[in-house]
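There are 2 protein chains.
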Amino acid sequence: MKRIAIDMDDVIADAAGRFIEYAQLRLGKTIAPVDLHNRTWAEVAGVQPEIVRAWLFEEGFFRGMKVIADSQEVIKKLSEKYEIFIVSAATEFPNSLKEKLEWLNEHFPFISWTHTVFCGHKYMIQTDYLIDDHEKNLIRFPGKPILFTAGHNMHLDQYTRVNNWKEAEKMFLS
Amino acid sequence: MKRIAIDMDDVIADAAGRFIEYAQLRLGKTIAPVDLHNRTWAEVAGVQPEIVRAWLFEEGFFRGMKVIADSQEVIKKLSEKYEIFIVSAATEFPNSLKEKLEWLNEHFPFISWTHTVFCGHKYMIQTDYLIDDHEKNLIRFPGKPILFTAGHNMHLDQYTRVNNWKEAEKMFLS
Numbered sequence: 001m002k003r004i005a006i007d008m009d010d011v012i013a014d015a016a017g018r019f020i021e022y023a024q025l026r027l028g029k030t031i032a033p034v035d036l037h038n039r040t041w042a043e044v045a046g047v048q049p050e051i052v053r054a055w056l057f058e059e060g061f062f063r064g065m066k067v068i069a070d071s072q073e074v075i076k077k078l079s080e081k082y083e084i085f086i087v088s089a090a091t092e093f094p095n096s097l098k099e100k101l102e103w104l105n106e107h108f109p110f111i112s113w114t115h116t117v118f119c120g121h122k123y124m125i126q127t128d129y130l131i132d133d134h135e136k137n138l139i140r141f142p143g144k145p146i147l148f149t150a151g152h153n154m155h156l157d158q159y160t161r162v163n164n165w166k167e168a169e170k171m172f173l174s
Numbered sequence: 001m002k003r004i005a006i007d008m009d010d011v012i013a014d015a016a017g018r019f020i021e022y023a024q025l026r027l028g029k030t031i032a033p034v035d036l037h038n039r040t041w042a043e044v045a046g047v048q049p050e051i052v053r054a055w056l057f058e059e060g061f062f063r064g065m066k067v068i069a070d071s072q073e074v075i076k077k078l079s080e081k082y083e084i085f086i087v088s089a090a091t092e093f094p095n096s097l098k099e100k101l102e103w104l105n106e107h108f109p110f111i112s113w114t115h116t117v118f119c120g121h122k123y124m125i126q127t128d129y130l131i132d133d134h135e136k137n138l139i140r141f142p143g144k145p146i147l148f149t150a151g152h153n154m155h156l157d158q159y160t161r162v163n164n165w166k167e168a169e170k171m172f173l174s
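Chains as they are written, first to last, in my numbering: chain A, 1 to 174; chain B, 1 to 174.
If several chains are the same, the list does not tell them apart, and a pair holds so long as it fits within one copy or across any two.
The list that follows gives simulated cross-link-like pairs (lysine to any residue, SDA-like), each with its CA atoms no further than 25 Å apart:
#: 1; residue 1: K29; residue 2: L56
#: 2; residue 1: K77; residue 2: N163
#: 3; residue 1: K77; residue 2: H121
#: 4; residue 1: K166; residue 2: E80
#: 5; residue 1: K98; residue 2: I51
#: 6; residue 1: K136; residue 2: N105
In case anyone wonders, no lab produced these hints; they're calculated from the structure.
Isolated chain A, as found in the complex:
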């Protein structure tokens, strides 16, 4: 059975949407998803990077993320043909770890803790595919890297790209 590693933030968990909520709540700034294209969160919010970065260390930031459209149904289908690992670069954010486990248990109950990986780098993960929104994770990945479209990666053109989970379903199941 081939293995697929799947990232969390901005791939199955709507991190950008959570940033938009926080920007509204904390800074009173209304941001649209399209505003995030090829710009950092701090640039879009018009604040110092430390302000936005501090949100990532707060309790509740990760736990409250919405689920990315179609990810549940498609990954459930994928899990019948592939061995699925959720691989999240989470060890930078100590509060995120338990929240991410709880979030997965709630939204992806068919993913076991045995197949959940919290790490820093991902280049030592031995799977056939990695679906991720960050070039830093894809660039050294030894298997086949798949770029999942997010506002911040619109400029990248050297990776196989899926724009959403329906496209991923087509790629892996047809």
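Starting from the known structure of chain A, arrange chain B on it as the hints suggest.
Chain B only, in chain A's frame:
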């Protein structure tokens, strides 16, 4: 640079010693390390497995573990010649995750979050070596498995074994 994955519990963190402390404190039972040879914690404590297992889900259980002798100095030396990853099967225990990060920051400050991995299975970790006390982790590991002696694994004879960190130093650095 070759990569070594190193387990935490009973390899760098004294899990057995922590169990002995809890058995004294909670059950009033005095247990010696030698009592643990080839027996489960529950057998040694003479209680139902659920009693002992519940301790692993308690706050503080992992955070309070002592450091295994010589592990700090030897892993520091190893880290000059090898790329070291700490790889702990921790996602089964939600409270352990933050505690394990804090524990590593305190006792192994030279190990970055980039090289810390919390997972379930370990067979998808691509390193040249895995130093671990559990056969379940070593048996499917694709690199070279190294068994680190612990009370519960004394009966295993099909793995290259190191009894302590001085022996690991000799194996990897001489």
